[in-house]
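Sequence lines, in order, name chains W and F.
Letter by letter, the first sequence follows residues 1 to 212 in the UniProt record's numbering.
Letter by letter, the second sequence follows residues 1 to 212 in the UniProt record's numbering.
Each hint should be verified, as a subset may be incorrect.
What the hints assert, rightly or not - Here are the simulated DSS-like pairs of lysine-lysine, each with C-alpha atoms no more than 30 Å apart in a straight line:
| # | chain 1 | residue 1 | chain 2 | residue 2 |
| --- | --- | --- | --- | --- |
| 1 | W | Lys54 | W | Lys115 |
| 2 | W | Lys54 | W | Lys166 |
| 3 | F | Lys195 | W | Lys166 |
| 4 | F | Lys54 | W | Lys195 |
| 5 | F | Lys166 | W | Lys195 |
| 6 | W | Lys195 | W | Lys130 |
| 7 | F | Lys146 | F | Lys130 |
| 8 | F | Lys146 | F | Lys54 |
| 9 | W | Lys130 | W | Lys166 |
| 10 | W | Lys130 | W | Lys146 |
| 11 | W | Lys54 | F | Lys54 |
| 12 | W | Lys146 | W | Lys115 |
What the hints assert, rightly or not - A few chain W residues that face chain F, going by a derived Cβ cut-off under 8 Å, partial list only:
| # | residue |
| --- | --- |
| 13 | Asn45 |
| 14 | Thr55 |
| 15 | Ala57 |
| 16 | Thr60 |
| 17 | Pro71 |
| 18 | Asn74 |
| 19 | Asn81 |
| 20 | Val153 |
| 21 | Pro186 |
As the list claims (entries may be wrong) - Chain W is nowhere near these chain F residues, computed Cβ spacing over 10 Å in every case:
| # | residue |
| --- | --- |
| 22 | Val83 |
| 23 | Lys195 |
| 24 | Val201 |
Read the hints as simulated data drawn from the structure, not as lab findings.
Ideal Cβ placement from N, Cα and C applies to all residues, glycine included.
Number of protein chains: 2
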Amino acid sequence: MQIAILLYEGFTALDAIGPYQTLNPLPEAELSFVAEQAGPLTDDNGTLTVTPHKTLAEVTRPDIVVVPGGPPENVERQMANPVVLDWLRAADATSTWTTSVCTGALLLAKAGLLKGRRATSHWLSLDTVKEFGVEPTGERVVFDGKYVTAAGVSSGIDMGLTLAGKIAGDQYAQGIQLMIEYDPQPPYDAGSPEKAPAELVEFFRNGGAAQS
Amino acid sequence: MQIAILLYEGFTALDAIGPYQTLNPLPEAELSFVAEQAGPLTDDNGTLTVTPHKTLAEVTRPDIVVVPGGPPENVERQMANPVVLDWLRAADATSTWTTSVCTGALLLAKAGLLKGRRATSHWLSLDTVKEFGVEPTGERVVFDGKYVTAAGVSSGIDMGLTLAGKIAGDQYAQGIQLMIEYDPQPPYDAGSPEKAPAELVEFFRNGGAAQS
Chain W
1 MQIAILLYEG FTALDAIGPY QTLNPLPEAE LSFVAEQAGP LTDDNGTLTV TPHKTLAEVT
61 RPDIVVVPGG PPENVERQMA NPVVLDWLRA ADATSTWTTS VCTGALLLAK AGLLKGRRAT
121 SHWLSLDTVK EFGVEPTGER VVFDGKYVTA AGVSSGIDMG LTLAGKIAGD QYAQGIQLMI
181 EYDPQPPYDA GSPEKAPAEL VEFFRNGGAA QS
Chain F
1 MQIAILLYEG FTALDAIGPY QTLNPLPEAE LSFVAEQAGP LTDDNGTLTV TPHKTLAEVT
61 RPDIVVVPGG PPENVERQMA NPVVLDWLRA ADATSTWTTS VCTGALLLAK AGLLKGRRAT
121 SHWLSLDTVK EFGVEPTGER VVFDGKYVTA AGVSSGIDMG LTLAGKIAGD QYAQGIQLMI
181 EYDPQPPYDA GSPEKAPAEL VEFFRNGGAA QS
């Protein structure tokens, strides 16, 4: 089972690592980080330098495609990149699951893969996915056929575990959860726009310095 | 405020990325991934290749030290590495916070920094930390003075957010939580040995194939 996690300059690290850590333990998984070109690239902070092991040309028929997000300007650069869009369409043609985390949904949407489907994205990008004929939802993990989209950044962990359960069964996925000790106990309950203090939500809606 | 996240061959990716994604947004944070030597290294699956930006010799007085874990054999290699142990002791001498995720606590313990303190680690390693005069607890995030230890793998997100709140205030940390949309909704409630099915706990206690 080939799993391809797409990387590109300026992706958000946890968007990629959440699904990685939960899908890689699947039986027979051959997981690769893939990118347009060989060679190192850096995340949205310029702090984490990662070297993908394979280029897009080398992984053409993955069973699972995972598209992490990043800050809008970084994702928009890929939305204007025909090499990436063509790869997404071609990989999707034979994939079993096509998935995204956070603003990665914008890339799937731009490639035309989410048209008429229910999908989610980072809460600040839900209006944008609508422009591509997608029906946005505020849910954390959304399944619509073989398309699985997750909300912002950290939600890729929940998506990966949910997908692991569908693929390998509940007990296997629970084993993954236990080994990564995913028993979340956030110190605050401010992880969604419905739960966070209204002034914080407003601050970020008005373009407040992205803190991630 | 200098933050140093220690990397080494065979670390677990999410152990490092959880604190990274929650601490990097702190005001005035200068976060570096640091390693003994310059050049790329790979995580415990050999799948993620990361190039740290600085060597240990270049970051001698970080305000915050973060030590991610990895599978026992990989951590043990560093527990026998005097360069890493000496760096930890020296960095700790002037740090404001010295922290670990998962089996990273074993490295702090081996360096002699947790003696007589309460600390946590991956649930499978709690007995081992005891051998270093540490009082293990099953809690998810443990503060003892300036020492902050987190349980397995994913707990570094909770630790990072908690520490961010202590450093920059609750509202700031809530802003970080909101932007990474950390509103966890795991599909199962099997993230700790108390909550997971007993046969799974036994399986891993008996050395079942590490699924992470």
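Now the hints, each set against the structure:
| no. | hint | result |
| --- | --- | --- |
| 1 | Lys54/W with Lys115/W | 29 Å, holds |
| 2 | Lys54/W with Lys166/W | 27 Å, holds |
| 3 | Lys195/F with Lys166/W | 21 Å, holds |
| 4 | Lys54/F with Lys195/W | 38 Å, violated |
| 5 | Lys166/F with Lys195/W | 21 Å, holds |
| 6 | Lys195/W with Lys130/W | 23 Å, holds |
| 7 | Lys146/F with Lys130/F | 19 Å, holds |
| 8 | Lys146/F with Lys54/F | 24 Å, holds |
| 9 | Lys130/W with Lys166/W | 28 Å, holds |
| 10 | Lys130/W with Lys146/W | 19 Å, holds |
| 11 | Lys54/W with Lys54/F | 25 Å, holds |
| 12 | Lys146/W with Lys115/W | 13 Å, holds |
| 13 | Asn45 | 6 Å, holds |
| 14 | Thr55 | 14 Å, violated |
| 15 | Ala57 | 19 Å, violated |
| 16 | Thr60 | 19 Å, violated |
| 17 | Pro71 | 10 Å, violated |
| 18 | Asn74 | 15 Å, violated |
| 19 | Asn81 | 23 Å, violated |
| 20 | Val153 | 4 Å, holds |
| 21 | Pro186 | 6 Å, holds |
| 22 | Val83 | 22 Å, holds |
| 23 | Lys195 | 6 Å, violated |
| 24 | Val201 | 7 Å, violated |
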